[in-house]
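Protein chains in written order, with my numbering: chain A, 1 to 215; chain B, 1 to 215; chain C, 1 to 215; chain D, 1 to 215.
Only true hints are included.
Sample of chain C residues facing chain D (criterion: CB under 7 Å; computed from the structure):
1) 99
2) 102
3) 110
4) 113
5) 171
6) 173
7) 177
8) 179
9) 181
10) 183
11) 184
Restricting the straight-line Cα-Cα distance to at most 16 Å, the calculated cross-link-like pairs of lysine to aspartate or glutamate (EDC-like) are:
12) 211(C) with 109(C)
13) 211(C) with 109(D)
14) 80(D) with 53(D)
15) 32(C) with 53(C)
16) 128(B) with 161(B)
17) 32(B) with 53(B)
18) 211(D) with 116(C)
19) 128(B) with 169(D)
20) 211(A) with 116(B)
21) 128(D) with 169(B)
22) 129(C) with 169(A)
23) 128(A) with 169(C)
24) 129(D) with 169(B)
25) 80(A) with 53(A)
26) 129(B) with 169(D)
27) 211(C) with 116(D)
28) 211(A) with 109(A)
29) 129(A) with 169(C)
30) 211(B) with 109(A)
31) 129(A) with 161(A)
32) 32(A) with 53(A)
33) 211(B) with 116(A)
34) 129(D) with 161(D)
35) 211(A) with 109(B)
36) 128(C) with 169(A)
37) 211(D) with 109(C)
Note that these hints are calculated values from the structure, not bench results. All C-beta atoms in this analysis are idealised placements derived from N, C-alpha and C, irrespective of residue type, glycine included.
Below, each chain spelled out in residue letters.
Protein chains: 4
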Amino acid sequence: MDYGLTGATGKMGREIVNVFRDHSLVLAINSKGEELHGTPRVVVDFSSRAALDRTLAVCARHGAALVVGTTALHDDDFAKLRRYGEVAPVVQSYNFATGVSILKIILREYAPLFGDWDLEIVETHHNKKKDAPSGTAILLRDATGRDCPTHSLRMGGVPGDHAVLFGNDGEVVTFAHRAIARNVFAIGALRAALFTLTAAPGFYTFEDVLKNSRS
Amino acid sequence: MDYGLTGATGKMGREIVNVFRDHSLVLAINSKGEELHGTPRVVVDFSSRAALDRTLAVCARHGAALVVGTTALHDDDFAKLRRYGEVAPVVQSYNFATGVSILKIILREYAPLFGDWDLEIVETHHNKKKDAPSGTAILLRDATGRDCPTHSLRMGGVPGDHAVLFGNDGEVVTFAHRAIARNVFAIGALRAALFTLTAAPGFYTFEDVLKNSRS
Amino acid sequence: MDYGLTGATGKMGREIVNVFRDHSLVLAINSKGEELHGTPRVVVDFSSRAALDRTLAVCARHGAALVVGTTALHDDDFAKLRRYGEVAPVVQSYNFATGVSILKIILREYAPLFGDWDLEIVETHHNKKKDAPSGTAILLRDATGRDCPTHSLRMGGVPGDHAVLFGNDGEVVTFAHRAIARNVFAIGALRAALFTLTAAPGFYTFEDVLKNSRS
Amino acid sequence: MDYGLTGATGKMGREIVNVFRDHSLVLAINSKGEELHGTPRVVVDFSSRAALDRTLAVCARHGAALVVGTTALHDDDFAKLRRYGEVAPVVQSYNFATGVSILKIILREYAPLFGDWDLEIVETHHNKKKDAPSGTAILLRDATGRDCPTHSLRMGGVPGDHAVLFGNDGEVVTFAHRAIARNVFAIGALRAALFTLTAAPGFYTFEDVLKNSRS
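Required output: the full structure, derived from the provided sequences and hints.
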């Protein structure tokens, strides 16, 4: 797969280059310009909101699909993405960790079966993390459709653990996710990029990617 | 709820009586006969295959629904249960642990999303347990649709833990179940009994109970 | 071993009778009197402070050792126990769970090695438990000699889990204890009772029992 | 602390440079020669057995202490290290993970208290690891003084988890270690290097370092 990348030299960009190592980086976009070695079929952008217009312009020029993991997008950004989705596949998500997304889907669908069970969430992250509970803990809690006690541990260099626990008198069921390293999101981006190769034009979430790559 | 019970004095029977304590045991069936104090709306049988004919006869006499957790049933037993399902709700399962059944459903549906992840199962039971891996471990493994390494720990008095682990380069996702006590199955039987109060006649599995009590 | 028991018909008393089933209950003491069938070598009392005087009198009459797990003792109770320790072995503790006691010893000795690691404690108990954090969590925290965040989960029927976690940039070390059932304390009482059979007269803690039964 | 490093450009060398970032690398030793910018108080060598003679010669020239994590040393290597230990502190170990070493000490001392409990070990590593069980699992098992079932999971990119579980009828006690990243060993090397600054000349293991840095 020939792909393009916005912000290739940043921390997340380097992770993407590493995870995409079996594919060809033919277009590197940064704030100063573009370096082109071929025609990208998909462009990946995990940089920042400020870069989005340029990224979209480059995609349009090459007819490339887009995978965008930039956070804090505005409503008009989404409007632009949906509009480009009319001509090519666009995958947008704030969380490209495959496991987290699958757990989110499962909890949304199955948490009601645990309606009368106790529910608590425990998350552990490195001690440099400032917010608590983590965004992912909130996302998983929202997926259960209930409010619940949420415990935040801050321990050394832990990349990120989450456990959603349901308990009744006789059983405890746990759904747990552990990030091994920061490359989790790059692995999800690769999955999304491969998905765009065969997808029809459209605006997709990462969940759509997961659901469609099941069969 | 007025209920009947086959084998009320056995170990499982006593668990059921305890868990059903907010309901009225109006009919106790054992190998010697029946003790009747009212009209049961549902009969629960976790005793043995040998008792099934009598249990079915009693159900028919009262027009009662049936919840049956007896193991090692034969084909003709199933035929009888299905036939009685034409006149009243019948719930049959080899495993009435709610959490295990929900995990089974989830794994059957979502394990394909983890198609290229490593998969291993770990189960822990008390050191009196002779078979390994446990029936539940096999059931969960079957639900994933894949074969995988399955580790059996035998530790003291542990009632039964199961963990299904999926791992890739960047993430580990764990689905875990822990039985706190032997009353797990009685709790599931209560759920099934309550389900029969409003269900149409039919032959149901415990999964049907779970799916229908969701809404 | 021929043993006596104060409060044999209470909940804890019945657990003790069950766990001591390979030994002979020759003396049952309750608020109304004593039932005697032999000469006890050790008397076990997990009943209440109010029973202590009678228990001590009975011990003195038979020259029996004493294992006492009664909580909320007063200073003068301790004085009486120490005085009786001059003539027979007395084991007193507020916590007869072997594993908890061993972890307490280990943490007291080794927590200083984790001096610059993050430290957090997580405990999970059934949802009927009113106090948080649990007494055992406090006991383990005290053993570390540090204060730390302590998270209390209240989930269904969980008998009692405790985890003490130390984390630095590269590692997490966890010391965990899980009570499988309420009989934990009875098992510890048995260990203490067996210890008294060969111990010199004296006042002992449960830690002394553990340390001396190692060799 | 001014320190020297053998094999600074290798994978482990780069980890050490990163973890020692608050200290000054004043001497870099590699197969071609030495680059000197000051007088090292301690030299760190995690390279290979072949480099040991040169490393020792450099240490002697500067009167520097030595921290050596090179594996597969021969008896005469140990003889040389002990001899140099007569003039300066030498710390040698095959495993500089602090948590593993502490658990090893604890298990050696306290496993006898769990003499009649069931014992099993579970370890999880990335799926590229060829040997099973892991060297660390064997080391921990040896520390317990018992043989036991040892389960090896190979899952995605897991750096290395170990759990030593003791269970009896009423309790499970778990001693667990999780490596977050490969820098674990470099962190231990830093601890050892700091230890040498105040230690008397002598041949030390990593356990000696841990025990002496407690007070």
